[in-house]
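A.B. asks: Using the sequences and the hints, build the whole thing.
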Amino acid sequence: AQRVTQPEKLLSVFKGAPVELKCNYSYSGSPELFWYVQYSRQRLQLLLRHISRESIKGFTADLNKGETSFHLKKPFAQEEDSAMYYCALDAGNNRKLIWGLGTSLAVNP
Amino acid sequence: EAQVTQNPRYLITVTGKKLTVTCSQNMNHEYMSWYRQDPGLGLRQIYYSMNVEVTDKGDVPEGYKVSRKEKRNFPLILESPSPNQTSLYFCASGGQGSSYEQYFGPGTRLTVT
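Taken in order, these protein sequences are the chains called A and B.
Convert by adding 23 to the 1-based position in the first sequence; the result is the number in the working numbering.
Convert by adding 17 to the 1-based position in the second sequence; the result is the number in the working numbering.
What the hints contain is simulated information worked out from the structure, not anything from laboratory work.
Positions of the beta carbon are idealized from the N, C-alpha and C atoms, including for glycine.
Careful, some of the hints might be misleading.
[Unchecked claim] Simulated pairs of lysine-lysine, DSS-like, Cα-Cα distance not exceeding 25 Å:
| no. | chain 1 | residue 1 | chain 2 | residue 2 |
| --- | --- | --- | --- | --- |
| 1 | B | K88 | A | K119 |
| 2 | A | K45 | A | K88 |
| 3 | B | K74 | B | K34 |
| 4 | A | K80 | A | K96 |
| 5 | B | K34 | A | K119 |
| 6 | A | K119 | B | K82 |
| 7 | B | K34 | B | K86 |
| 8 | A | K119 | A | K88 |
| 9 | B | K74 | A | K119 |
| 10 | A | K45 | A | K119 |
| 11 | A | K96 | A | K32 |
| 12 | A | K32 | A | K45 |
[What the hints assert, rightly or not] Residues from chain A that keep clear of chain B, each with C-beta distances beyond 12 Å, as calculated:
| no. | residue |
| --- | --- |
| 13 | Q29 |
| 14 | Y48 |
| 15 | Y59 |
| 16 | K80 |
C.D. replies: This is how it looks when you write it as structure tokens:
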């Protein structure tokens, strides 16, 4: 079954500390994965996608097919990174995205 | 400005009173979708549309209807709302491409009493 798992509901770190938000997926095909972010009182927006292999706001995510993971990382967290983060999998079926339940990141001063 | 708009943003209604939540996008996107977001359940797709006059059920379509008569609009209709449809609703749209981005509306918070 196609599934996205984000094991942490809440992640709390101090400013300047490294942060890693975990995402594991279950998919039999070649996955396309995304990270979306929702800042307080703002709409959900794309943060990054694995296919572009880019760094956005200091965040990177590498697709590890062996471990079926797509963890989001940032070496030095900032307070403005506090938000809800969702990992999503393109199931390849009429553009349907399979969503994780999200991880709430709190960066403390 | 490229965006997805939803109206209303907040709505409190009573059981059984038909309502429509509008969604409009100005990016000429073929794909549009409705999600509901509930605590502990994340985002679940209600309906989606690949293009004008092409709609299909998502994961939780019961109690909802949609239509896609124009490319830019994708209204969500609740013919007889019930309290279990109290939720936060998001509309999204997306363009072509093998790795596409979905653009989300601001959300509509619906309460059915």
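A.B. asks: Are the hints correct? Go through all of them and say.
C.D. replies: Evaluated hints:
Restraint check for K88 (chain B) and K119 (chain A): satisfied, since their Cα atoms lie roughly 19 Å apart, inside the 25 Å limit. A C-alpha spacing of about 14 Å is found between K45 (chain A) and K88 (chain A), which places the hinted pair at or below 25 Å, so the restraint holds. Between K74 (chain B) and K34 (chain B) the alpha-carbon distance is near 23 Å, which keeps this suggested pair within the 25 Å criterion. At roughly 11 Å between alpha-carbon atoms, K80 (chain A) and K96 (chain A) fall within 25 Å of each other, so this suggested pair holds.
For the hint pairing K34 (chain B) with K119 (chain A), the CA-to-CA distance comes to about 30 Å; that exceeds 25 Å, so the pair is violated. Of the pairs offered as hints, the one joining K119 (chain A) and K82 (chain B) holds, with about 18 Å between alpha carbons and a cut-off of 25 Å not exceeded. Taking the CA atoms of K34 (chain B) and K86 (chain B), the gap is about 23 Å. The hint holds against a cut of 25 Å. For the hint pairing K119 (chain A) with K88 (chain A), the CA-to-CA distance comes to about 20 Å; that is within 25 Å, so the pair holds.
For the hint linking K74 (chain B) to K119 (chain A), the alpha-carbon distance of about 11 Å falls within 25 Å, and the restraint holds. About 21 Å separates the Cα atoms of K45 (chain A) and K119 (chain A), which keeps this hinted pair within 25 Å; it holds. For the hint pairing K96 (chain A) with K32 (chain A), the CA-to-CA distance comes to about 16 Å; that is within 25 Å, so the pair holds. Proximity of K32 (chain A) to K45 (chain A) is assessed by CA-CA distance (about 10 Å); at most 25 Å being required, the pair is judged to hold.
At roughly 9 Å, the least C-beta separation between Q29 (chain A) and chain B is not larger than 12 Å, which violates its mark as non-interface. Once the 12 Å rule is applied to beta carbons, Y48 (chain A) is consistent with being away from chain B; the minimum gap is 14 Å. Residue-level check failed: Y59 (chain A) sits 8 Å from the nearest beta carbon of chain B, not beyond 12 Å. Every CB of chain B is more than 12 Å from the CB of K80 (chain A) (nearest about 16 Å), matching its label as outside the interface.
Hint compliance for this structure: hints 5, 13, 15 are not met, and every other hint is.
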